[in-house]
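**Q** Given chain G, work out where chain D should sit, using these hints.
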Amino acid sequence: QKEVEQNSGPLSVPEGAIASLNCTYSDRGSQSFFWYRQYSGKSPELIMFIYSNGDKEDGRFTAQLNKASQYVSLLIRDSQPSDSATYLCASPGTGSYKLIFGSGTRLLVRP
Amino acid sequence: GAVVSQHPSRVICKSGTSVKIECRSLDFQATTMFWYRQFPKQSLMLMATSNEGSKATYEQGVEKDKFLINHASLTLSTLTVTSAHPEDSSFYICSASGLAGDQETQYFGPGTRLLVL
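Just so you know, the sequences run in chain order G and D. Once you know that position 78 of the first sequence is 1082 in our numbering, the rest is easy, because the numbers rise by one and skip nothing. Once you know that position 67 of the second sequence is 81 in our numbering, the rest is easy, because the numbers rise by one and skip nothing.
Pulled out of the complex, with its shape left as it was, chain G reads as follows:
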């Protein structure tokens, strides 16, 4: 069974620090990966997607993909209290458009 694993947290970081969120996946054929942010009581919001090995940067966010080790991570620089949320990692796996979601990592940024 295809799986996406995340540490549930909470991951607590001080304001201004770098938050590092990690995700591993079981399907070696997975090609694309998505990071969503979900505030409590709200629906998920797309932050970034990454298809290629290496880093992809967008503002304060950097997604990192290592297909050989089957992990993908999200770095948030200069973390703000408003970044406090649950971050979901997802991948469609092989041969499907259905996203397989991790259980999410709760991030808490302390003022």
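Calculated directly from the structure, the hints in this document are not laboratory data. A few of these clues could be false.
The list that follows gives simulated cross-link-like pairs (lysine to any residue, SDA-like), each with its CA atoms no further than 25 Å apart [to be verified]:
no.	chain 1	residue 1	chain 2	residue 2
1	G	K1046	D	Q117
2	G	K1006	D	Q117
3	D	K78	D	G15
4	D	K28	D	L88
5	G	K1102	D	S29
6	D	K55	G	M1052
7	G	K1046	D	S103
8	G	K1102	D	N84
9	G	K1046	D	E73
10	G	K1102	D	K28
11	G	K1046	D	K69
12	G	K1006	D	Y72
13	D	K28	D	P124
14	D	K55	G	K1060
15	D	K34	G	T1098
16	G	K1046	D	Q56
17	D	K55	G	L1112
18	G	K1102	D	G15
19	D	K55	G	G1063
20	D	K69	G	T1098
21	G	K1046	D	P54
22	G	K1102	D	S19
23	G	K1102	D	V76
24	G	K1071	D	T119
25	D	K55	G	S1086
26	G	K1006	D	K28
27	D	K55	G	I1104
28	G	K1006	G	S1086
29	G	K1060	D	G115
**A** Leaving out everything else, chain D in the frame of chain G:
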């Protein structure tokens, strides 16, 4: 781009009644729409995948006769919870894909909170 709306945002109904939830892609044609359910402090659970003009594909354990899905156009899908019961109370979220031909990236609607009394 990639705005998805849902209506209503919140609904309270009596046990035994049916509730219809609409999901619209406002600025793109969504070839596929997905319906999820999320209970408090739990993960998203995919209920069904819907393609325009064809029958929805339901996930294992989801009753297709209870959760009716219609995807009549490339911008509208509806989920009808028939004969709702208190255990159906949940946060229902749709998503849509197909922006610029990208079938993988899903954009979520704001969700509909259902409370069945």
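**Q** Indicate, hint by hint, whether the structure satisfies it.
**A** Verification of the supplied hints:
1. G:K1046 to D:Q117: holds (24 Å)
2. G:K1006 to D:Q117: Judged against 25 Å, a Cα distance of about 19 Å means the pair holds.
3. D:K78 to D:G15: violated (32 Å)
4. D:K28 to D:L88: violated (32 Å)
5. G:K1102 to D:S29: It is violated: about 32 Å lies between the C-alpha atoms, which goes past 25 Å.
6. D:K55 to G:M1052: holds (23 Å)
7. G:K1046 to D:S103: Holds: G:K1046 and D:S103 sit about 16 Å apart, inside 25 Å.
8. G:K1102 to D:N84: Holds, at about 18 Å.
9. G:K1046 to D:E73: holds (23 Å)
10. G:K1102 to D:K28: This hinted pair is violated, its Cα atoms lying about 33 Å apart.
11. G:K1046 to D:K69: violated (28 Å)
12. G:K1006 to D:Y72: holds (18 Å)
13. D:K28 to D:P124: Since the Cα atoms of D:K28 and D:P124 sit roughly 23 Å apart, the hinted pair holds (cutoff 25 Å).
14. D:K55 to G:K1060: violated (30 Å)
15. D:K34 to G:T1098: Not satisfied, since the Cα-Cα distance of roughly 33 Å exceeds 25 Å.
16. G:K1046 to D:Q56: Holds. G:K1046 to D:Q56 sits at ~13 Å (cutoff 25 Å).
17. D:K55 to G:L1112: Cα-Cα ~16 Å, so holds.
18. G:K1102 to D:G15: Holds, at roughly 21 Å.
19. D:K55 to G:G1063: violated (29 Å)
20. D:K69 to G:T1098: Holds, at roughly 23 Å.
21. G:K1046 to D:P54: holds (11 Å)
22. G:K1102 to D:S19: holds (20 Å)
23. G:K1102 to D:V76: holds (16 Å)
24. G:K1071 to D:T119: Holds. G:K1071 to D:T119 sits at ~19 Å (cutoff 25 Å).
25. D:K55 to G:S1086: Given pair D:K55, G:S1086 holds - Cα atoms ~19 Å apart, limit 25 Å.
26. G:K1006 to D:K28: violated (38 Å)
27. D:K55 to G:I1104: The given pair, whose Cα atoms are some 18 Å apart, holds under the 25 Å limit.
28. G:K1006 to G:S1086: Given that 25 Å is the threshold and the Cα spacing comes to 32 Å, the pair is violated.
29. G:K1060 to D:G115: With a Cα-Cα distance of about 22 Å, the restraint between G:K1060 and D:G115 holds, given a limit of 25 Å.
In this structure, the hints that do not hold are numbers 3, 4, 5, 10, 11, 14, 15, 19, 26 and 28, in rising order.
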